[in-house]
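Asks: The primary structure of each chain is shown beneath.
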Amino acid sequence: MVDDLAARFEHTVASEARIEPRDWMPDGYRRTLIRQIAQHAHSEIIGMQPEGNWISRAPSLRRKAILLAKVQDEAGHGLYLYAATETLGADRGELTEKLIDGKQKYSSIFNYPTLTFADMGVIGWLVDGAAICNQVPLCRTSYGPYARAMIRICKEESFHQRQGYELLMTMMRGTQAQRDMVQDAVDRWWWPSLMMFGPPDEESSNTEQSMAWRIKRNTNDELRQKYVDMSMPQAAKLGVTFPDPELKWNPERGHHDFGQPDWEEFWQVVGGHGPCNSQRVAHRRKAHEDGAWVREAAAAHAAKARRSQEGVA
Amino acid sequence: MSFDNAYEALIDQEDAHWAFGTGFSAPLEGVDREVPTSVDAKDLVAYCLMLGDDSLILSQRLAAWCSRAPELEEDIALANIALDLLGQARLLLTRAGEVEGEGRDEDALAYLRDEREFRNVHLAEIDCGPGPGGDFATTIVRLLVFSSWKVAQFSRLRGSADPVLAAVAAKGLKELAYHRDHAAQWAVRLGDGTEESHRRMVAAVDRVWPFVDELFHANAVESRLAGVAVDPSELRSEVDGVLDAVFEAAGLTRPGPIPTAFVAGQAGRDGVHTEAMGFLVAEMQHLHRSLPGAVW
Chain C
1 MVDDLAARFE HTVASEARIE PRDWMPDGYR RTLIRQIAQH AHSEIIGMQP
51 EGNWISRAPS LRRKAILLAK VQDEAGHGLY LYAATETLGA DRGELTEKLI
101 DGKQKYSSIF NYPTLTFADM GVIGWLVDGA AICNQVPLCR TSYGPYARAM
151 IRICKEESFH QRQGYELLMT MMRGTQAQRD MVQDAVDRWW WPSLMMFGPP
201 DEESSNTEQS MAWRIKRNTN DELRQKYVDM SMPQAAKLGV TFPDPELKWN
251 PERGHHDFGQ PDWEEFWQVV GGHGPCNSQR VAHRRKAHED GAWVREAAAA
301 HAAKARRSQE GVA
Chain S
1 MSFDNAYEAL IDQEDAHWAF GTGFSAPLEG VDREVPTSVD AKDLVAYCLM
51 LGDDSLILSQ RLAAWCSRAP ELEEDIALAN IALDLLGQAR LLLTRAGEVE
101 GEGRDEDALA YLRDEREFRN VHLAEIDCGP GPGGDFATTI VRLLVFSSWK
151 VAQFSRLRGS ADPVLAAVAA KGLKELAYHR DHAAQWAVRL GDGTEESHRR
201 MVAAVDRVWP FVDELFHANA VESRLAGVAV DPSELRSEVD GVLDAVFEAA
251 GLTRPGPIPT AFVAGQAGRD GVHTEAMGFL VAEMQHLHRS LPGAVW
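Protein chains in written order, with full-length UniProt numbering: chain C, 1 to 313; chain S, 1 to 296.
Derived by calculation from the structure, the hints in this document are not laboratory data. Beta carbons are placed, not taken as given, at the ideal position from N, Cα and C, and that holds for glycine. A couple of the hints might just be wrong.
A partial selection of chain C residues facing chain S, derived with a Cβ cut-off under 8 Å [what the hints assert, rightly or not]:
{"hint": "1", "residue": "Met48"}
{"hint": "2", "residue": "Leu68"}
{"hint": "3", "residue": "Gly76"}
{"hint": "4", "residue": "Gly78"}
{"hint": "5", "residue": "Thr170"}
{"hint": "6", "residue": "Arg179"}
{"hint": "7", "residue": "Lys248"}
{"hint": "8", "residue": "Pro251"}
{"hint": "9", "residue": "Gly254"}
{"hint": "10", "residue": "Val281"}
{"hint": "11", "residue": "Ala282"}
{"hint": "12", "residue": "His283"}
{"hint": "13", "residue": "Ala287"}
{"hint": "14", "residue": "Val294"}
{"hint": "15", "residue": "Ser308"}
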């Protein structure tokens, strides 16, 4: 019986059809998806902090509105993704507990600090750009609710990327101090953005099985190459450079050659020792714990309202 | 959407690609922007600043909740309310600058005025949390009072002799009614919910009430602008009625007026603020002011 179900599952995945919540699926597939989607949801929620850092100080009212709307979108993305994990039997509250207890991870990029307003533009352009490279293929991922959430998220991310790039374009047309601020932000975010694709393929433990299950569609190195290739002309148009002396067009490969990020730094940040890891988790923990009485009150009120309805009926 | 090349999929898309299309029109398109001849321009500028600053400063306070709310849904809702208020502020400050005629735009007015030139009521500026200044209950009580008062004010302002103020009010009223509804629902949940939430709501009402009386005090500018401005002293019974209904459902008692002395007869509308205001303005303005001549 399980063999039949397993065969049907394999066939559905291999024929590029979608697995839906009621379908049978291997436990490992379910666990991998919950882990991956939760990690993505946590990234959206933790990602609200580095950008939220500048809302109160945004230098024009238009930029303040754009930034606030963007951070609000990230909360929305987190919400859809937690909802997608719930179709697999997970619970949002439990996943949040895992996040604040350090048992589940989020994208390491958010463990870097946002030091100037140019970081708001560079995060949009490079960080959201790298996220899009990672996420667009997930619109075809084998699990239906995840794939559909990703379509909407990618549309909004692409809007954020354009807004970030537009901010940088505007700043580059401003004063020298602003141009310097943009270059400084690019210098700080370039390497971490390359790390967003994960370790080199030969060191990536999850790639092979996830590719076979069509949860993952491209390898880390393929996506990293695509990102570098698409970022180079954008940097040239903007008038900034990337801090990599090895970066140049290779006509034989039809791609850019580029240097390797500092993988030691990457593993340090992934391991919890980045510049902002403890700050980010503490912030999330505080919001969650400070809000506990509110959630309890809402639940108590709803229960009272239900009881009085039942009493009437 | 092409999935083969991420970047191609993002550019040159038809409008249908975007959730809300791309053809946004200006919110007050088609509204007559001439200043009516019977209106004193200086007073109208001051009045637009009063209303614009109310919205701007409360928006700044509410935005501080983003990433700190009790639930993700509430991060979204409070950010949404802050965005609505920011949108109102931009229209009102733009109107102030336009009537003044000295080339000041919304940003010059938001970022280059000193604390004493801001005209918002104290209720908008006090720190109600997140953080040591308050908590979610205080934020909700402040929002409930503010939005109930603004709904009453904007519903009358729709008939203003200034066509721009009338249009801003018509647009803003729908938003404010939603803010009031959101705050009222939370007030009922928290007032009724648990012992702790009830206790916090009682403390929140105590914290906020000394700032309520100012809302109904007519400033000389408002008194002179009959037909353009709304007389705040007319709003009290309507606001009290709304608050009574919410407080009753929440199991709370609405305090009577707590008249708080002004400073030599002056308060927010005159540019005399609470101690919290200087910090708020400093944080909001510091980047804009530290790079003169920058473009954003």
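Asks: Can you list which hints this structure breaks, lowest number first?
Replies: When the structure is compared with the hints, numbers 6, 7, 8, 9, 10, 11, 15 turn out to be violated.
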